[in-house]
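A.B. asks: Chains as they are written, first to last, in numbering that gives the first Met the number 0: chain R, 0 to 540; chain L, 0 to 375; chain D, 0 to 273.
Keep in mind the hints are simulated off the structure, nothing from the lab. Errors might be hidden in some of the hints.
Keeping only pairs whose Cα atoms sit at most 20 angstroms apart, straight-line, the calculated SDA-like set for lysine to any residue is [claimed, not checked]:
| id | chain 1 | residue 1 | chain 2 | residue 2 |
| --- | --- | --- | --- | --- |
| 1 | R | Lys-512 | L | Leu-173 |
| 2 | D | Lys-114 | R | Gln-421 |
| 3 | D | Lys-114 | R | Arg-423 |
| 4 | D | Lys-114 | L | Ala-241 |
| 5 | D | Lys-114 | L | Ala-243 |
| 6 | R | Lys-512 | L | Ala-243 |
| 7 | D | Lys-79 | L | Gly-337 |
| 8 | R | Lys-525 | D | Thr-80 |
| 9 | R | Lys-335 | L | Glu-179 |
| 10 | D | Lys-79 | R | Gln-524 |
| 11 | R | Lys-512 | L | Ala-241 |
| 12 | R | Lys-335 | L | Leu-346 |
| 13 | D | Lys-79 | L | Gly-157 |
| 14 | D | Lys-240 | D | Gln-257 |
| 15 | D | Lys-79 | R | Gly-336 |
| 16 | D | Lys-79 | R | Pro-532 |
| 17 | D | Lys-114 | R | Gly-336 |
| 18 | R | Lys-512 | L | Gly-157 |
| 19 | R | Lys-525 | R | Val-509 |
| 20 | D | Lys-44 | R | Thr-107 |
| 21 | L | Lys-320 | R | Arg-357 |
| 22 | R | Lys-512 | L | Leu-289 |
| 23 | R | Lys-512 | L | Leu-341 |
Simulated restraints, written as ranges between beta carbons of each label pair [as the list claims (entries may be wrong)]:
| id | chain 1 | residue 1 | chain 2 | residue 2 | range |
| --- | --- | --- | --- | --- | --- |
| 24 | R | Pro-313 | L | Asp-329 | 52 to 58 angstroms |
| 25 | R | Arg-435 | L | Arg-360 | 36 to 42 angstroms |
| 26 | L | Pro-119 | R | Phe-518 | 56 to 62 angstroms |
| 27 | R | Trp-505 | D | Glu-34 | 22 to 28 angstroms |
| 28 | D | Glu-148 | L | Pro-119 | 55 to 61 angstroms |
| 29 | L | Tyr-44 | D | Gly-147 | 55 to 61 angstroms |
From the structure, some residues in chain D lie toward chain L, with a derived Cβ separation under 10 angstroms [unchecked claim]:
| id | residue |
| --- | --- |
| 30 | Lys-79 |
| 31 | Arg-81 |
| 32 | Pro-101 |
| 33 | Phe-118 |
| 34 | Thr-140 |
A virtual CB, placed ideally from N, CA and C, is assigned to each residue, including glycine.
Here is how the chains run, residue by residue.
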Amino acid sequence: MRTPATLMTSSITARIVTLALLCLLAWLPALASAQDDDGRAVLEGLDSRSFADKAEAIEAIIQSEDERATDWLQALLDGNLQRLKEDGRLVIVVDNVGREWPVRDALTGDELGEVPRRDLDRITINNALRSQLRSALSMVELYVGDERSRLAAAEGVIGRVDDELAAALEARLEEEESDQVRHRLNQALAVHRLERGEAGAVETLYGSLNSNVRVALTRAAQSDDAQVADAARRALADIEQKLKLNRIAETLYFGLSMGSVLVLAAIGLAITFGVMGVINMAHGELIMLGAYTAWAMQQLLPGQPGLALLLAIPVGFLVSALAGIAIERGVIQFLKGRPLETLLATFGVSLILQQLVRTAISPLNRTVITPEWMSGSIAINDALSLTLNRLYVMGFALLVFAALMLVMRRTRLGLEVRAVTQNRAMARSMGIRATRVDILTFALGSGVAGLAGVALSQLTNVGPNLGQSYIIDSFMVVVFGGVGNLWGTLVAGMSLGVINQVLEPWAGAVLAKIMVLVFIILFIQKRPRGLFPQKGRAAEG
Amino acid sequence: MHWLVHPFRERSTLLFLGVLLLALTIVTLLHIAVPREQPLHVNAYTVNLFGKYLSYALLAVAVDLVWGYLGILSLGHGAFFALGGYAMGMYLMRQIGDRGVYGNPELPDFMVFLNWDSLPWYWQGFDMAWFAFLMVLLAPGLLALIFGFLAFRSRVTGVYLSIITQALTFALMLSFFRNEMGFGGNNGLTDFREILGFNLRSNDTRLGLFLASGAALALGYVVCRGIVTSKLGRVCVATRDAEARTRFLGYRVERFQLFVFVVSAMLAGVAGALYVPQVGIINPSEFAPLFSIEIVLWVALGGRATLYGAVIGAIIVNYAKTVFTGVMPDAWLFALGGLFVLVTVLLPRGVAGLLAVRVRRRRGDDDSPVNREVAA
Amino acid sequence: MNLLQSLAQRDRVFDFLVPADSPVDVRHGPILYLEDVSVSFDGFKAIDDLNLTIDNGELRCIIGPNGAGKTTMMDVITGKTRPDSGKVWFGSRHDLLTMNEPQIASLGIGRKFQKPTIFEALSVFENLELAMAADKRILPTLTARLNGEIRDRIDEMLATIGLAGLRERRAGILSHGQKQWLEIGMLLMQRPRLLLVDEPVAGMTEQEMERTAELLTGLAGRQSVVVVEHDMGFVRSIARKVTVLHQGSVLAEGSMDQVSEDPKVVEVYLGEEA
Chain R
0 MRTPATLMTS SITARIVTLA LLCLLAWLPA LASAQDDDGR AVLEGLDSRS
50 FADKAEAIEA IIQSEDERAT DWLQALLDGN LQRLKEDGRL VIVVDNVGRE
100 WPVRDALTGD ELGEVPRRDL DRITINNALR SQLRSALSMV ELYVGDERSR
150 LAAAEGVIGR VDDELAAALE ARLEEEESDQ VRHRLNQALA VHRLERGEAG
200 AVETLYGSLN SNVRVALTRA AQSDDAQVAD AARRALADIE QKLKLNRIAE
250 TLYFGLSMGS VLVLAAIGLA ITFGVMGVIN MAHGELIMLG AYTAWAMQQL
300 LPGQPGLALL LAIPVGFLVS ALAGIAIERG VIQFLKGRPL ETLLATFGVS
350 LILQQLVRTA ISPLNRTVIT PEWMSGSIAI NDALSLTLNR LYVMGFALLV
400 FAALMLVMRR TRLGLEVRAV TQNRAMARSM GIRATRVDIL TFALGSGVAG
450 LAGVALSQLT NVGPNLGQSY IIDSFMVVVF GGVGNLWGTL VAGMSLGVIN
500 QVLEPWAGAV LAKIMVLVFI ILFIQKRPRG LFPQKGRAAE G
Chain L
0 MHWLVHPFRE RSTLLFLGVL LLALTIVTLL HIAVPREQPL HVNAYTVNLF
50 GKYLSYALLA VAVDLVWGYL GILSLGHGAF FALGGYAMGM YLMRQIGDRG
100 VYGNPELPDF MVFLNWDSLP WYWQGFDMAW FAFLMVLLAP GLLALIFGFL
150 AFRSRVTGVY LSIITQALTF ALMLSFFRNE MGFGGNNGLT DFREILGFNL
200 RSNDTRLGLF LASGAALALG YVVCRGIVTS KLGRVCVATR DAEARTRFLG
250 YRVERFQLFV FVVSAMLAGV AGALYVPQVG IINPSEFAPL FSIEIVLWVA
300 LGGRATLYGA VIGAIIVNYA KTVFTGVMPD AWLFALGGLF VLVTVLLPRG
350 VAGLLAVRVR RRRGDDDSPV NREVAA
Chain D
0 MNLLQSLAQR DRVFDFLVPA DSPVDVRHGP ILYLEDVSVS FDGFKAIDDL
50 NLTIDNGELR CIIGPNGAGK TTMMDVITGK TRPDSGKVWF GSRHDLLTMN
100 EPQIASLGIG RKFQKPTIFE ALSVFENLEL AMAADKRILP TLTARLNGEI
150 RDRIDEMLAT IGLAGLRERR AGILSHGQKQ WLEIGMLLMQ RPRLLLVDEP
200 VAGMTEQEME RTAELLTGLA GRQSVVVVEH DMGFVRSIAR KVTVLHQGSV
250 LAEGSMDQVS EDPKVVEVYL GEEA
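Work out the full structure: start from the sequences and follow the hints.
C.D. replies: Listed below in structure tokens is the structure:
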């Protein structure tokens, strides 16, 4: 049901509706040619020096209901509507890169080939025209777009509504079906009403994250009308609150994402260092091997980055596990009970592995492609969207953690590992082959490092220094969480990730990292056995 | 001061000092007395290089003092070395005066570049040599005191201590990379001109620095030797091998650890202060964990808990590094990595251990307290 | 008044066996007093409401099956482990729970570990030198010099523990029994008021055991000695009073004959051995 009042103010709406419908029918050539002369007349109105003339010309284009109107207006807005110097013809630049630009005739749509940019004059616009164009285009979009683009258009007009557009929007509101779009339209109208001094309009604006809404509210908060100013301030406070929540959620997400990377990097170490007591400084390089496996698999299977990445998971585990076995057999077994020497020897191994990659592959970073199903993001609301690759890595980290817990708690190997670590001699006398358990455990820890590498290849550059940058962090996580405690590693990794993200905004990335390091150094001194220490005489070692 | 005199009654110390003196004399003579065209002439570049080795040797002695005798594997001694180096660098920076690129008499070039208008408080006083040289000792000493106090009080030892010392130097490296710290950021401090009024680019100054490094090494060696042969040194060894027992004998183990750790840090600082004028630059890369762990390798290769082994190790590894990086730079990291593995697996007592076995066989006697290394 | 008394006391107690700076107040009898001490590790009660009193000059043997809390009790007394609750007093003046290991050690409590713990890289002589009662702060230690008197005292101890011939040898090359002796010698060099001795005769020959028994019983009277031991024969040979620990608290106390007839004791401990 339309009221007579809206009918009267909605003549522009009617024209836009027609325009929109015509756009839909634009493929009909007959119609197009019939209107060619009218089109030329309205279009050429734009070719003027005065912005006032151009404003009128834009109005005329809208009123002309020509089906090419959106094309023209969009081109004008983007600065792509230009005049050929030689014959004054108006053309649309298709691609404005380089010196010669491909253009097409604005009227006929004929491709005119490439034209040197110096032969073209841009039809200039000012801010007032720009906003006029945006409003017009938004209106068109509101009528003909799908839900998503209608939502974007509604979002776009917020803060740019004048009386005329307000009438058009109200008309559109009657017909709009999507609640979300209606909500945005209401907000756009409310901002308009607020600008005219209606305090009641504020109600609709609560919780909006649109920056134009905030601008309008901020302006209204300084209004002379106490009622309006007061209402606006309250709404602003509410929005501020919501923004804060969003920021917290975002920090938490990034923190957990970083934390899961730390957990992945550290969890293998938690087994070799935490459970076996072997300190492996080459752990970082085992991670690096995993990442290079992902790269190598993509080289082997060109064009199928996703499949290659999936295959890299078991292969990366194997590669790193085998490298781990080689390290255990070649170096560590000779240094039993001499942790400091083990540390030095495995550090040597890490240098060799790094240099090996530098010599054999390249000292430069390699790119590992992110498969399509891992790219993009999920939008939670206006201010918050979660990137998919981080989400996947997070899930992967939890999966690996759960699997490891299962292995340690529920399998024969886990039982034997725990037996050997608690009392080697006793375990041996009960028929457990300690050497075999050592090898398997070390292989498991190393293999997990490989998995971490495969996951990391999706987030960071894959280069010879990849491992180095994670080794100190990984040790910090294990020590912070309490040696020999997988849960501790999980909690420590996640909390360090979050702490780092919380500190970063006001301290900067480097300072945040320094602060976290200092924090851990102090923490270890306060609680040398970490967050979740093992207690009792056995732990005294 | 009996403890400081005591080393001079030992044959091994006299032998070490004799060899050092001989080496210094020979190099000096070959540099000054042999004409330039002669093949035996040692040029200024080589003197400079040897001076650098000597300051590294002092650093290695400092590390051996804590690792060999106290059992504390510090993977962060490069931090103390670098702090001493920065203290010296700040002095040398102030000596540039208005001869810098920007000609500011007060501010070093990098501060002018960063648009700073006055000298930060912690740069005050570094124009005076005595103050700067005091800071060479105090800056690393203070860091070691605070860090050691916290660590030893809560009985953080073994691998844990190693890892947090590494984290310490890593955190310092990140800090010094920041321009806001006021130490020249990435580029560090460089373009030095004079030390105590002597032109740093002249050959005579280089020879002087080389001899000063030799003297510092001799002094540092005697101090360390004095400590390890005193009763305090035996308490250190006792702590290394059976910490709980030492505690139950009534020794405040953490204080002994702290004392020796601070002494060692100061020695490392002196080494850094001698190093900087000889290489002409100090930047945050000296804080890199890799450098600190390399120092440990020098000591391991030379043989720990001997002190002279540390000197041998420092010189061997650094000579090898000079040769390798000149001939085939790619191979150096392979060689370094291989050394780590070989020394720890096959040569746990280092070169000094080999020497000691030979000496013992010839003399047929048992070990002196020095060579009683942890065989376990 | 109190101060005067303690000063007067000091004269009486101040004999050559007691370090000058630890006037342990034993006028009220006991030198060591544990009341309601409990320690738990992850819910497991290693010590549960333990009460124990050692009189000045007493030789006490403590026995009990594995896991009875013997070693943990030693840890509590020497400051290595802090109990969850309870009181531990040394004499009637020193609350041991407020002190750390070196402080407790310098008060005059010496401890021998279950596994002989000596400084293997040092010579036998140097082991005793480090143990000797002296100013154990840093600078005095750095400037300490061996004089004739110290040498004589160490040599005397070397003779007592039968290691005079091995004076300059590395302690690491000693036999297990010799290491036990060296450790006991180190304890005695501290001139302790109270010795805590954990399994002193493990790994000793019959003959060595006899000498150890002789040594320990010779100490009693002047010093208080607490011996934890598994070897029943040895305990029988030295014990005057025996305390049986079980599941972290005292099960029985009395002479060897009394406790070995106690049915509870027979059931939990001696019964298994009989």
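A.B. asks: Hint by hint, note whether the structure agrees.
C.D. replies: Here is how each hint holds up against the structure:
no.	hint	in the structure
1	R:Lys-512 with L:Leu-173	holds, 8 angstroms
2	D:Lys-114 with R:Gln-421	holds, 19 angstroms
3	D:Lys-114 with R:Arg-423	holds, 18 angstroms
4	D:Lys-114 with L:Ala-241	holds, 12 angstroms
5	D:Lys-114 with L:Ala-243	holds, 12 angstroms
6	R:Lys-512 with L:Ala-243	violated, 36 angstroms
7	D:Lys-79 with L:Gly-337	violated, 42 angstroms
8	R:Lys-525 with D:Thr-80	holds, 17 angstroms
9	R:Lys-335 with L:Glu-179	violated, 45 angstroms
10	D:Lys-79 with R:Gln-524	holds, 18 angstroms
11	R:Lys-512 with L:Ala-241	violated, 36 angstroms
12	R:Lys-335 with L:Leu-346	holds, 15 angstroms
13	D:Lys-79 with L:Gly-157	holds, 19 angstroms
14	D:Lys-240 with D:Gln-257	holds, 9 angstroms
15	D:Lys-79 with R:Gly-336	violated, 24 angstroms
16	D:Lys-79 with R:Pro-532	holds, 17 angstroms
17	D:Lys-114 with R:Gly-336	holds, 18 angstroms
18	R:Lys-512 with L:Gly-157	violated, 24 angstroms
19	R:Lys-525 with R:Val-509	violated, 24 angstroms
20	D:Lys-44 with R:Thr-107	violated, 93 angstroms
21	L:Lys-320 with R:Arg-357	holds, 19 angstroms
22	R:Lys-512 with L:Leu-289	holds, 19 angstroms
23	R:Lys-512 with L:Leu-341	violated, 35 angstroms
24	R:Pro-313 with L:Asp-329: 52 to 58 angstroms	violated, 33 angstroms
25	R:Arg-435 with L:Arg-360: 36 to 42 angstroms	holds, 41 angstroms
26	L:Pro-119 with R:Phe-518: 56 to 62 angstroms	violated, 25 angstroms
27	R:Trp-505 with D:Glu-34: 22 to 28 angstroms	violated, 53 angstroms
28	D:Glu-148 with L:Pro-119: 55 to 61 angstroms	holds, 57 angstroms
29	L:Tyr-44 with D:Gly-147: 55 to 61 angstroms	holds, 57 angstroms
30	Lys-79	holds, 7 angstroms
31	Arg-81	violated, 14 angstroms
32	Pro-101	holds, 5 angstroms
33	Phe-118	holds, 5 angstroms
34	Thr-140	holds, 5 angstroms
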